[in-house]
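Residue numbering for the sequence shown follows the working numbering, beginning at 93 and increasing consecutively.
Treat the hints with care, since some could be wrong.
[Said to hold, decoys possible] Now the in silico label distances, taken between C-beta atoms and shown as ranges:
| # | residue 1 | residue 2 | range |
| --- | --- | --- | --- |
| 1 | Ser132 | Tyr102 | 24 to 34 Å |
| 2 | Arg106 | Ala150 | 45 to 55 Å |
| 3 | Ser132 | Leu157 | 47 to 57 Å |
| 4 | Glu108 | Gly133 | 22 to 32 Å |
| 5 | Gly133 | Arg154 | 25 to 35 Å |
| 6 | Val143 | Ala104 | 24 to 34 Å |
Think of the hints as simulated: they come from the structure by calculation, not from any bench. Glycine residues also receive a C-beta, built at the ideal position from the N, C-alpha and C atoms.
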Amino acid sequence: MPEFSGELTYAALRAEPAHHMGRADTPDAVTERQWRYVGSGRTPGAALMAVGIADDLAESRRLGLEARQEGEWGR
Numbered sequence: 093m094p095e096f097s098g099e100l101t102y103a104a105l106r107a108e109p110a111h112h113m114g115r116a117d118t119p120d121a122v123t124e125r126q127w128r129y130v131g132s133g134r135t136p137g138a139a140l141m142a143v144g145i146a147d148d149l150a151e152s153r154r155l156g157l158e159a160r161q162e163g164e165w166g167r
């Protein structure tokens, strides 16, 4: 590990993992600098469950509103 000289830079922080992994002297190494969000990783099953829960909530709200409008709420 390089000795701390009193000034810590981002370049020094990036170089340390490369040094640790033995890639400190690899000039032809390719790094990815542009990232993009591709999703949350939700599984199809979890997505179906979320849709079902949202549908149940919407139906519950609709029935509650209907009951309030008909005067059946709070008897």
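Hint-by-hint comparison with the structure:
About 29 Å separates the C-beta atoms of Ser132 and Tyr102, a value consistent with the hinted range of 24 to 34 Å. The hinted window of 45 to 55 Å between Arg106 and Ala150 holds, with their beta carbons roughly 49 Å apart. Between Ser132 and Leu157 the beta carbon distance is about 32 Å. The supplied range of 47 to 57 Å is therefore violated. Range check, Glu108 to Gly133: Cβ separation about 29 Å, and the 22 to 32 Å hint holds.
Our hint of 25 to 35 Å for Gly133 and Arg154 holds, since their Cβ atoms are close to 32 Å apart. Checked against the hint of 24 to 34 Å, the pair Val143 and Ala104 fails, with Cβ atoms roughly 48 Å apart.
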